[in-house]
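> Using the sequences plus the hints, can you model the full thing?
Residue-level listing of the chains:
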Amino acid sequence: GNSVTQMEGPVTLSEEAFLTINCTYTATGYPSLFWYVQYPGEGLQLLLKATKADDKGSNKGFEATYRKETTSFHLEKGSVQVSDSAVYFCALSDRAAGNKLTFGGGTRVLVKP
Amino acid sequence: NAGVMQNPRHLVRRRGQEARLRCSPMKGHSHVYWYRQLPEEGLKFMVYLQKENIIDESGMPKERFSAEFPKEGPSILRIQQVVRGDSAAYFCASSSEGGSYEQYFGPGTRLTVT
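Top to bottom, those sequences are chains P and Y. Letter by letter, the first sequence follows residues 1144 to 1256 in the numbering used here. Letter by letter, the second sequence follows residues 654 to 767 in the numbering used here.
Note that these hints are calculated values from the structure, not bench results. Bear in mind the structure is a predicted one, so any value in this text is a computation, not a measurement. A portion of the hints provided could be inaccurate.
Calculated pairs, DSS-like style, for lysine-lysine (alpha carbon to alpha carbon, straight line, at most 30 Å) [unchecked claim]:
1. Y:Lys680 <-> Y:Lys704
2. Y:Lys697 <-> P:Lys1195
3. P:Lys1211 <-> P:Lys1255
4. P:Lys1192 <-> Y:Lys704
5. P:Lys1203 <-> Y:Lys704
6. P:Lys1195 <-> Y:Lys715
7. P:Lys1199 <-> Y:Lys697
8. Y:Lys697 <-> Y:Lys680
9. P:Lys1255 <-> Y:Lys680
10. P:Lys1211 <-> Y:Lys697
11. Y:Lys715 <-> P:Lys1203
12. Y:Lys715 <-> Y:Lys704
13. P:Lys1192 <-> Y:Lys680
So this is what it looks like as structure tokens:
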């Protein structure tokens, strides 16, 4: 079956530091990959996505590249802000598995001023 | 242009009671997904519905849980005879089509069973 593994948190950073959150996946088909962000007390917001190998998703300074050879979709941001403090979820959607999202366990990020 | 609406936002039930969670998808969306988030865990898929049809319920517990998405009105997730282990955040997402189209999430219903 499909699965997503992402690095455990919490990750604590200072403002303007570089952020990387590792994400690897296992899928039987050809999945689309997503990063979602969850701010305290809120639902999930789509941060970025990639639908095929070598695609790069980007949004709000965050980037992730779909690497089929390493089955990875690592999230990066060059200079984080306090407002980036949240929980980040890596996820995949596989048409062969009925389009439902399979999520990683989430990584809590705390950015200190 | 309202997003996905869920209500109630917080629900407290005693063991043995019934919980009803409602989800109104975004305008124009006919696909609804329900996910459950247990404390300190990621989200787990429960069920995928289209209007009047259950497409995939492979993540639903076999007993006490049911879901519907009628022709008119919101999607309902129903939990009968709740137990403490049902305490979680339940999120609804909607999309305009299946496939790789994005799912848009509601704010969630936080169920507490006492």
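> Are the hints correct? Go through all of them and say.
Quick rundown of the hints versus the structure:
1. Restraint check for lysine 680 of chain Y and lysine 704 of chain Y: the C-alpha separation of about 13 Å stays at or below 30 Å, so the hint holds.
2. For the hint linking lysine 697 of chain Y to lysine 1195 of chain P, the alpha-carbon distance of about 24 Å falls within 30 Å, and the restraint holds.
3. For a cut-off of 30 Å, the pair hint linking lysine 1211 of chain P to lysine 1255 of chain P is broken: about 34 Å separates their Cα positions.
4. The suggested pairing of lysine 1192 of chain P with lysine 704 of chain Y holds, with an alpha-carbon distance near 27 Å, which does not exceed 30 Å.
5. With a CA separation close to 35 Å, the supplied pair lysine 1203 of chain P and lysine 704 of chain Y exceeds the 30 Å bound.
6. Between the alpha carbons of lysine 1195 of chain P and lysine 715 of chain Y the distance comes to roughly 35 Å, so the proposed pair goes past 30 Å and is violated.
7. Proposed proximity of lysine 1199 of chain P and lysine 697 of chain Y is supported: the alpha carbons are some 26 Å apart, at most 30 Å.
8. Under the criterion of a C-alpha separation no larger than 30 Å, the hint pairing lysine 697 of chain Y with lysine 680 of chain Y is consistent with the structure, at around 25 Å.
9. A distance of roughly 38 Å separates the Cα atoms of lysine 1255 of chain P and lysine 680 of chain Y; the hinted pair therefore is violated under the 30 Å criterion.
10. For the proposed pair lysine 1211 of chain P and lysine 697 of chain Y, the alpha carbon gap of about 24 Å is at most 30 Å, so the pair holds.
11. The hinted pair formed by lysine 715 of chain Y and lysine 1203 of chain P fails the criterion: a straight-line CA distance of about 41 Å is larger than 30 Å.
12. Our distance criterion of 30 Å between C-alpha atoms is met by lysine 715 of chain Y and lysine 704 of chain Y, whose separation comes to about 22 Å.
13. Proposed proximity of lysine 1192 of chain P and lysine 680 of chain Y is supported: the alpha carbons are some 22 Å apart, at most 30 Å.
In summary, the structure is inconsistent with hints 3, 5, 6, 9, 11 from the numbered list given earlier, while agreeing with the others.
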